[in-house]
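J.: Protein chains in written order, with this note's numbering: chain Z, 14 to 359; chain F, 14 to 359; chain Y, 14 to 359; chain L, 14 to 359.
Rather than coming from a laboratory, the hints here were simulated on the basis of the structure. Honestly, I wouldn't trust all of these hints.
For chains that are exact copies, the list does not tell them apart, and a pair is met inside one copy or across any two.
[To be verified] Straight-line C-alpha distance at most 16 Å; calculated EDC-like pairs for lysine to aspartate or glutamate:
#1 K18 / E348
#2 K137 / E329
#3 K18 / D53
#4 K18 / E50
#5 K137 / D176
Protein chains: 4
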Amino acid sequence: MKKIKKGFASDNWSGVCPEIMEALTLGNRGHNEAYGELGDPVTAAAIKQFKNHFGEAISVRFVYNGTAANVLGLSQLMRSYHAVVTASTAHLNEDECAAPEKFMGAKILEVETSDGKIKAEQVKPFLSSIGFQHHAQPKVISISQLTEMGTVYSLEEIKQLADFAHDNNMYLHMDGARIANAAITLESDFRSMTTDAGVDVLSFGGTKNGMMFGEAVIFFNPNLAKDFEYLRKQGMQLHSKMRYIAVQFDRYLYEGLWHKNATHANAMAQLLAQHLSAYNQLEITQKVTGNGVFVRMPQELIPIMQHSYFFHIWNEQTHEVRLMCSWDTTKEDIEGFVKVLHEQLS
Amino acid sequence: MKKIKKGFASDNWSGVCPEIMEALTLGNRGHNEAYGELGDPVTAAAIKQFKNHFGEAISVRFVYNGTAANVLGLSQLMRSYHAVVTASTAHLNEDECAAPEKFMGAKILEVETSDGKIKAEQVKPFLSSIGFQHHAQPKVISISQLTEMGTVYSLEEIKQLADFAHDNNMYLHMDGARIANAAITLESDFRSMTTDAGVDVLSFGGTKNGMMFGEAVIFFNPNLAKDFEYLRKQGMQLHSKMRYIAVQFDRYLYEGLWHKNATHANAMAQLLAQHLSAYNQLEITQKVTGNGVFVRMPQELIPIMQHSYFFHIWNEQTHEVRLMCSWDTTKEDIEGFVKVLHEQLS
Amino acid sequence: MKKIKKGFASDNWSGVCPEIMEALTLGNRGHNEAYGELGDPVTAAAIKQFKNHFGEAISVRFVYNGTAANVLGLSQLMRSYHAVVTASTAHLNEDECAAPEKFMGAKILEVETSDGKIKAEQVKPFLSSIGFQHHAQPKVISISQLTEMGTVYSLEEIKQLADFAHDNNMYLHMDGARIANAAITLESDFRSMTTDAGVDVLSFGGTKNGMMFGEAVIFFNPNLAKDFEYLRKQGMQLHSKMRYIAVQFDRYLYEGLWHKNATHANAMAQLLAQHLSAYNQLEITQKVTGNGVFVRMPQELIPIMQHSYFFHIWNEQTHEVRLMCSWDTTKEDIEGFVKVLHEQLS
Amino acid sequence: MKKIKKGFASDNWSGVCPEIMEALTLGNRGHNEAYGELGDPVTAAAIKQFKNHFGEAISVRFVYNGTAANVLGLSQLMRSYHAVVTASTAHLNEDECAAPEKFMGAKILEVETSDGKIKAEQVKPFLSSIGFQHHAQPKVISISQLTEMGTVYSLEEIKQLADFAHDNNMYLHMDGARIANAAITLESDFRSMTTDAGVDVLSFGGTKNGMMFGEAVIFFNPNLAKDFEYLRKQGMQLHSKMRYIAVQFDRYLYEGLWHKNATHANAMAQLLAQHLSAYNQLEITQKVTGNGVFVRMPQELIPIMQHSYFFHIWNEQTHEVRLMCSWDTTKEDIEGFVKVLHEQLS
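Turn these sequences into a full structure, and let the hints guide you.
T.: Below, the structure is given as structure tokens:
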């Protein structure tokens, strides 16, 4: 079988971290009630872990992946004639093959940004549609934390967006596919960034940070979770052997595993950025706050580097590439990459 | 943590069989291309296994679960103004919380059956709708193999339904959540039951037979698979770390693991049925051909038995219960159950 | 241009009654605010007429046709994981080409009836699904008044279904495509049959009783009408020149035009039934309470009669045909039909 | 009843022109087959008129309004994972309350324009999504003729977009809500602008040019019309008394009624623009090619003018208003408007 070389393509090219693998193995004993029903102690334990981190008042439900967490979470906040306002670069808008439109029937209103972060002033113009029957009605603001550009919202920025949303009878949704990396960057716990900042619904992901599969939808007001189990089933997202999602999250949130993995990935990105900044021919285009480095490089260099370490081109026009670090990226990986780079650039 | 007692509730209350767990652990090495893209050797290997079983001409794609395999597979065969004809007891009709209606917008036309198996004659009356613009247009017949009643279609019966469907410009879809158990019952390989019998699309499940998660959609005419990857993504069913679904199927189909597990589960059901048939107070209501036993028991006995071994009541009115065996059901489990039963009935 | 012979095919084969035509002509003066917005006095006048008939507390909105009135009205009562319980013969289930499934994503649960009328006991079995996440959740009972079989619910029967629905946290929806004919049969006003009986949402039709196009959705609790205007626009049902729907309803409800037309159509059906009952070879299969006569006739007679007066075969197996009378059916039409019949049968 | 003053709000504030009203009255005789079925001679006659204008090879079907014509026409060209590229100002994107997203589940990709017209180069960047499973797949380009900014595509521009679409395995859709006005501007017949230019599907509207209700969907390749009747019914757009849509179109296309009405409306817009251009305080912002005039005026003037003649503000920020002329706009209306204006500006 062909061996895939390690690289910087995405944090989902990496495997499952040993602690999660062990938890899966240990959790694989005997029978358990299917579908995460009330009788299932593994699911109950995972939910307890989430409450430890986010507060007792949350409701949390598990689905298979981030697309589903986003779409089903938003579905609880919207009817089909509503709209969600998000950055044009948001995964929700760009990379889910119209899953939100298909499942919700609703409209996505795009905000242009340079760094993937939206501001309340950019949402304001859409408010003029409210009450006009020909326009989809803005109901949710959705932000990504980390953004798809690797940038991070400060606690204050999140709070401002939440206040703006609530002042206008809207909700704030957060896509937290890389929320662990954001927490490390902000030196924040999860709660400050979400519960306390006024987020209404969060997609909490772990797959990019060492898990195998599964995503959590967290409702900060349990009323918003009403009937979610029917929507989840109808959304084809109810796992029969639920314990295998639950046991991963239980371990992920226990004894700081999420923290350890994200700290490492972020540190590797810093190390990589530090190395890259030594070269005049390269330009780092986004502030490196998470586990990704966006860098513009000479066009002819890209295929050469990709030959040794695969990564994705972010923008064909500007020769900008994205280098993602992961829980399993090593100093040696980075030094190896820099070595090849050095041979080309000096 | 509360311990769940083994029972006969469902084959998805059991865990992951050791071989699959080992394959997951062994497969957890290094990096791999995400999303099962062409560069991913693990996904390629699993597809090869499927072709070994079903023939070279198939197209196979992985999704998360059986609901999705059914709904997305059917979506390839239908437009929203089409209808799928199925048994009223079919999972598709009864147990997917209107997922087919939501995702396809299409209609399910129900056929009443006593044993979960439909016959061509029962589909015929729906054909009169063809060409009448006020009626959803029948386009697919969907059967479950095993059925939800534990019964099995013979190769000849499948072939007849396929011929009937094709003669009427329709397709034949098979929900194979328990196809392994059916193969054991029929002493058939997979290919004879599907490819050779004229099935157009198959949902191939393994979770009820020892896997952790993942389901395969098999298209016997590759044209029917056209653009499926977009529909899968839009259907929120594209797993990023695809190798963990693929590696399970690769192992499941290798060296007869599927065969071993299903043989065992079916044998346990036979053993259980044999024991039960000794009691006049019990009535086995469906021919025991797979891994489930449907039995009518005195109403007052049900909660007593459930106290020791949990199982589901199938029909509250008739006091019919369903006892499911699994790859991990042991003779001791059955003897234990029968012992409790015996104390009550003699 | 080919001339179509008058017949008994359907009450929508007839044209527009002279009073409505005159109202359209008179209403066609000058400018008017589009979309039935607040500034449009014609729409306001029509709404006032509805309130005269149904009480001040209603909300009423106009759409194009009965399919839309049913689907959009129900959409206000349901989410996609809900189900509506209705007679298998209901237009909603049989004759809307899966429009409810497409637009709502929800499930229709069918009740078998001999006369098109459902009873609370027939709804009861579906209640066991409530709270079970694998099943669509029953939320609405939908009845047709007149039913598609020409039968009528008494005021008491409607009230019983409404009470049953409300006792079980469900709603009662009424498809009133032929509500005028039902009112004549029951010697009732509209209000007693709906507002006072506990109906939650009504599709109020006039096209089968002399109008050109347009249907009204009436919400008896205005909270249920919330945001309907967005759903209507999204449902492709907002007419720009709304006044031409409004002016028809204004006239239809004024000075008993609806009453006159429906009284006539019902009387013609009675006359027809009276004639038919004289022949042993014919069997009237449903109580004639509205403007339709369902009659079983010798198979060979059907094409002969259709040659002179077109009508629809209701059931190919039983040689049952449906003869619909309309506001424009004359005694001469009926006598002509009976004359041809007599030649064949005596 | 409050009388609405004539103004320049929209061409759908005007009524039905006398010729159409007469045709409706004359067409209101006797019975006719419902639903525009094959036996209905009125619908057949209207279709013949369309073929006279667009060529024998077209398929044409009637729906209720422009939203539906756009959405159902596009539905024939796309699956839910496809995308339609259109101007951000297109009615399809801005003014249909997410009807396309709801009914098709598909994505709208917006192109920014200053004049409502898109160019092939603006579509090109979206082509890079083709084959990438995370992105909705661009499949249709949709243009409005007239655009929502009152501008017009030349025959050559349409042809170029059609060629570009077809070269890239895409379709060209045209929203012809004001196609009659465009034909007058271009001194073109309908056929040159559509059939001969390579348009695949056209929404053909008449309501803004003197009709009461109804819109036609024209397929230039009849294969694209396949099964449209089921989609129409499911889309809640099948009118039972179809003849009343058909008879309007029959008359509209006969003896140049469409031409007369549109010529008049366009001429009135020219006259209005000519008057307005005399004032330094006003700035006409779009080339006046159809029946609308876009003009920037002093902010404080707007409510004063609206008091006498209602019209819509197009852009609150720039004080741009839209003045629409119609088949019934008179020289006196314009002179009256200009008189009030003159009192304010001189």
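J.: Taking the earlier hints as the rules, which of them does this structure contradict?
T.: No hint contradicted; all consistent.
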